[in-house]
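Produce the complete structure using the sequences and hints provided.
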Amino acid sequence: MQEPKQWNALGTNIAELKAKVKNSRTELRQLRQRLKELEASRDLWKRKYKTLQSSELRSVKQNSGRITKAQGYQYSVQTIQMSVYLYLVLGCGYRGIVKILLYIQLEFGVLGVLPSKSIIAVWVQKLGYYKYTHPVCELGKSYGLIIDECMVIGQQRLVLILGVAAQKEQPTALNYEQVSVLSIAVRSSWKAEDIRAEIEKVTEKMGSKPVYIISDGNSNLRKGIGDSGCIRIADVSHQIALIVEKHYRNHGKFISWQQAIAQAKFQGIMREVAYLLPPKQRVIARFMNLEPSIVWSKKIITCFETFSAKEQDFFRPIKQHQGLIEELQAVFQMSQQVIDLLKIKGLSY
0 MQEPKQWNAL GTNIAELKAK VKNSRTELRQ LRQRLKELEA SRDLWKRKYK TLQSSELRSV
60 KQNSGRITKA QGYQYSVQTI QMSVYLYLVL GCGYRGIVKI LLYIQLEFGV LGVLPSKSII
120 AVWVQKLGYY KYTHPVCELG KSYGLIIDEC MVIGQQRLVL ILGVAAQKEQ PTALNYEQVS
180 VLSIAVRSSW KAEDIRAEIE KVTEKMGSKP VYIISDGNSN LRKGIGDSGC IRIADVSHQI
240 ALIVEKHYRN HGKFISWQQA IAQAKFQGIM REVAYLLPPK QRVIARFMNL EPSIVWSKKI
300 ITCFETFSAK EQDFFRPIKQ HQGLIEELQA VFQMSQQVID LLKIKGLSY
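Residue 0 is where the sequence shown starts when you use numbering that gives the first Met the number 0, and the numbers rise one by one after that.
Mixed in with the good hints there might be a few duds.
[Stated by the list, open to error] When the alpha-carbon atoms are kept at most 30 Å apart in a straight line, the in silico BS3-like pairs for lysine-lysine are as follows:
hint	residue 1	residue 2
1	K200	K222
2	K98	K68
3	K318	K245
4	K297	K245
5	K167	K116
6	K49	K130
7	K140	K68
[As the list claims (entries may be wrong)] Quick list of simulated restraints, FRET-style, between CB atoms:
hint	residue 1	residue 2	range
8	I118	K298	37 to 47 Å
9	T132	S40	52 to 62 Å
10	G322	V151	55 to 65 Å
11	Q311	K342	38 to 48 Å
Calculated from the structure, these hints are not laboratory results.
For every residue, glycine included, the Cβ atom is placed at its ideal position computed from N, Cα and C.
So, in structure tokens, the structure goes:
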């Protein structure tokens, strides 16, 4: 009795295997058909690509006679002009310019060899150097100067002198388009006589003395401007920051608040509260950059009740200065309103 059962089971297994083989053959035929379709599609796109490529090459060859190469470059004058224009006027980044030029070349084939982002950066720098060494100043005889020791490069200090029309011409704050670079000088240190000498060079270049000179409170700048016989006008941002500093510099609550921020910055590193740490504070001219710390402190106080118990314990010293923070916020809002009024409307408003 067992033998017929075994034969029946074996027959069932064979039937199942035959069904699987049949299904596999059907699936294999479908896959082969799909493969043929993909190969046909690939061949079609290959032909389209070759046709497009040959048409682009013909277009480049046809237009190559109209491309004027810049002297000493393999690039066309049109490519150089367009690259610099896209950066200076339209504000495109160097990588973006490369993509734009590539699209124009593929579409119209009129640019010839295309530059890299590094080459475009060199062109922009060369244009800046040419503009500096060949100034076309439209300021006239009534002009003012803006002087600042604005950058430290290694052991060298850079002093920048900008020229601006003495009278306010636009109903907006001063922008880069309204100033001219008149001097860029670098020294290991700047003394008052060095500042005076640079002012004299600019005066000689312009043909007349400036109506006034704007600078911060740097002692060498102030003395150099005074020795040159020119009128100095204090920079409004620095001057208001000095007024605020004079009031709060030795203020006990302010010192305590600054210490609480520094402590939070130091102790919160690599801890679970690290995502809430305060912004970095400037060492020099700190009172010109207090607003980020005030905004951060205000946010900590606003969100204090939503913090965990550990976070509340950690930031409690900040919350204890809530009154001072609100006072500072009001002071800086008022200061900014005064600065905006003077910068936009002008001193004669």
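*Kindly indicate which numbered hints from before are broken by the structure, ordering the numbers from low to high.*
Hints 5, 6, 7 and 10 are the ones this structure does not satisfy, whereas the remaining hints hold.
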